[in-house]
Amino acid sequence: MRDYVLSVLVENKSGVLARVAGLFSARGFNIRSLTVAETDSPSVSRMSMVVNADERTFEQVKKQLNKLIDVISIQDFTKKDFLDRELLLIKVNFNSQNRSAIIEIVEVLQGKVLHVGSKSICIEIVGDKEKVATSLQLLKPYNLTEVMRTGVVAIGKD
Amino acid sequence: MIMKGAEIVIEALKKEGVKDVFGYPGGSVLPLFDVLYDTPVNFILTRHEQGAAHAADGYARSTGRVGVCIATSGPGATNLVTGIATAYMDSIPIVCITGQVKTNLIGNDAFQEADTTGITRPITKYNYLVKDIADLGKTIREAFYCASTGRPGPVVIDLPVDVTMAKANYKYQDKVKIRGYNPVLKGHPLQIKKAAKLISGSKKPVIYAGGGIIISSAHKELKQLSDKCCIPVTTTLMGLGGFPETHDLSLGMPGMHGTVYANLAIQNSDLIIAVGARFDDRVTGKIEAFAPKAKIIHIDIDPSAISKNVVVDIPIVGDAKNILAEVIKAAKRPDNEEWLNQIKDWKKDFPLKYKQTPSSLKPQYVIEQIYELTKGKAIISTEVGQNQMWAAHWYKYTKPRTFISSGGLGTMGYGFPAAIGAKVGNPDKIVIDIAGDGSIQMNIQELATAVSYEIPVIVAVLNNGYLGMVRQWQELFYKKRYSFTHLENPDFMKIADAYGAVGIRVQKKSEVIPALKKALQSRKKPVIIDFMIEEFENVFPMVPAGEAIDRMIGGMA
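Chains as they are written, first to last, in our numbering: chain A, -7 to 150; chain B, 16 to 572.
Among the clues, some could well be false.
When the alpha-carbon atoms are kept at most 20 Å apart in a straight line, the in silico SDA-like pairs for lysine to any residue are as follows [unchecked claim]:
| # | chain 1 | residue 1 | chain 2 | residue 2 |
| --- | --- | --- | --- | --- |
| 1 | A | K55 | B | T164 |
| 2 | A | K55 | B | I193 |
| 3 | A | K59 | B | G133 |
| 4 | A | K54 | B | S322 |
| 5 | B | K390 | B | E260 |
| 6 | A | K55 | B | Y196 |
| 7 | B | K218 | B | K390 |
| 8 | B | K323 | A | G14 |
| 9 | B | K323 | A | N58 |
| 10 | A | K55 | B | S319 |
| 11 | B | K192 | A | I64 |
Simulated restraints on C-beta separations [what the hints assert, rightly or not]:
| # | chain 1 | residue 1 | chain 2 | residue 2 | range |
| --- | --- | --- | --- | --- | --- |
| 12 | B | Q188 | A | P34 | 15 to 25 Å |
| 13 | B | D296 | A | A93 | 55 to 65 Å |
| 14 | A | S33 | B | V326 | 31 to 41 Å |
| 15 | B | A125 | A | V36 | 26 to 36 Å |
| 16 | A | P34 | B | P137 | 25 to 35 Å |
| 17 | A | R141 | B | A345 | 49 to 59 Å |
| 18 | A | M(-7) | B | K235 | 41 to 51 Å |
| 19 | B | A345 | A | I147 | 41 to 51 Å |
Keep in mind that the hints were calculated from the coordinates and are not lab data.
This structure is a prediction, so every number in the text was calculated from the model and none was measured.
Don't be surprised by glycine CBs; every beta carbon is placed ideally from N, CA and C.
Starting from the given sequences, assemble the full structure and let the hints guide the process.
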């Protein structure tokens, strides 16, 4: 089992997300993350998804997606050079002892402090899979009250 | 031309060549029915929407044309669901038009509202909710195109009542372009070359032919390939009629209730040529033990059917008819004389059989007589269970579209309405539903449909007073604990009489032929023949669930 990154162009109309989501649930495929947004062409949306599967199941995922009439094309990044990004928004409760340590970590991660309140700060971090993992690991010891992840988006290099 | 939505629907149906429509009226389809009132389209009012869906399906299977049914919103649409799922599992082209509440009420839990597109999404090839009348004509064209091309399937068009009352300009457009839908029809030449080479060099080849043969009308090519290369053919339940069962190289059906020789051939084969079949669990049995020595060529129009259950060596995506024609050209007859002799021996040693007794009435005998008296030219539909397996075994199918049965979903109550649909589509053919006493009661109300439209189908009820297949499993695997499988049945003669149909009861073997002869003479009335068969007759051979398909009970002794 491993994570596979897919970018899927679909018709931008109602019911398409339900079709894709229904396909995953009906066939027992595991979806790690899914982000959907309109592309530069208003009739087309892009779904970026990370699927956790073994190789054979992943082949089925692709075939089943392709079979959906609203799916226009599928880009599979498995054997390609690609860039991936995910955005994290994190709220951390701080106290007088650890406030500067948290801000230091954010600086090391090249993140942004978006808001500082009386008890908590809001942080933005953007990065690839490794960076997201490192960020979450470094911040874990602190009092994280909310962690928001957008899910992965990816783009091929050539 | 400016037309009302309802008029556009009927006009578009005519443009698609639709002659017969099955359905049931209701509030949100009133405008549609008002137009149907004086059109040349032949409308058949069933007595339940499920009957309409199955009739459209039987019509499609027996004619090759798209079947059409209409139902109202809410309960009308949900009553279609079993019929839609049945068609979906067996890749049958039907278009279902459902009424919907007014667009401004959708989502308000209005009277007779159901989320029809939501409910039918996983059991349709595609579905539409038409909110704008400007899309209506195009949608219907697309729906027929989508239902009938590629791997066919059911398509639902959900029509809010206000859309059917609005007006718009309608112009038929022949060309359909759906950017995400481009079925591959021609096989890859390199793959075909590889397949032909494998066939020519094989020693123990078997063709495993499924419903795809029927759908793509590839029966002639299948026979040519078998004849040219001397390859035995096993046809699945969905493929019955795709290869003549009277042919020397026919192995009958494989799998759980397959013939011994079909299963032995698969298990000992060195090359399986699967055409339009999907390695269903009822065919493969224990998947790890399926055809252990064989390489596999898989020809299918649906790429997702390939390597789904069994990993294949040579996949060829495309239309079976095209691909087989190419394979025939490239393949040479393999050196398989020894294999053919082996198969001949298996056929001789382990034929399909049942115990004849002078007194008791055996279902197998009934079906053999149906075959003899109709000279194998009838369209046979079945319900699901023992009746279905006996009908598959004991009638010899030689032509495509003559065996109509719910294979994938296994829907009890399918056979009778499907027979009505088949008879509407083939008025000159004899249509017989081989039923059980359980399943016939699941859509028995359609007797009223058959009587009122003078659709003379014959229903052969193999009446053993049990849900026979479930009882058989209880006998073999649940210590004969017959939990809720015994049926207290009504008097089917009185039922036939009450509906205005003909009822015949058969209790003895000697009564079978006269009863069938009498039924075959009925020109207008449907006939129910109540065959009081032996209670505990079982379907053999049988592979217990989860076992390898050469581990058969019955048939090898």
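Status of the hints after comparison with the structure:
| no. | hint | result |
| --- | --- | --- |
| 1 | A/K55 x B/T164 | holds, 18 Å |
| 2 | A/K55 x B/I193 | holds, 18 Å |
| 3 | A/K59 x B/G133 | holds, 18 Å |
| 4 | A/K54 x B/S322 | holds, 13 Å |
| 5 | B/K390 x B/E260 | holds, 13 Å |
| 6 | A/K55 x B/Y196 | holds, 13 Å |
| 7 | B/K218 x B/K390 | violated, 36 Å |
| 8 | B/K323 x A/G14 | holds, 18 Å |
| 9 | B/K323 x A/N58 | holds, 14 Å |
| 10 | A/K55 x B/S319 | holds, 5 Å |
| 11 | B/K192 x A/I64 | holds, 12 Å |
| 12 | B/Q188 x A/P34: 15 to 25 Å | holds, 23 Å |
| 13 | B/D296 x A/A93: 55 to 65 Å | holds, 58 Å |
| 14 | A/S33 x B/V326: 31 to 41 Å | holds, 38 Å |
| 15 | B/A125 x A/V36: 26 to 36 Å | holds, 33 Å |
| 16 | A/P34 x B/P137: 25 to 35 Å | holds, 28 Å |
| 17 | A/R141 x B/A345: 49 to 59 Å | holds, 54 Å |
| 18 | A/M(-7) x B/K235: 41 to 51 Å | holds, 46 Å |
| 19 | B/A345 x A/I147: 41 to 51 Å | holds, 43 Å |
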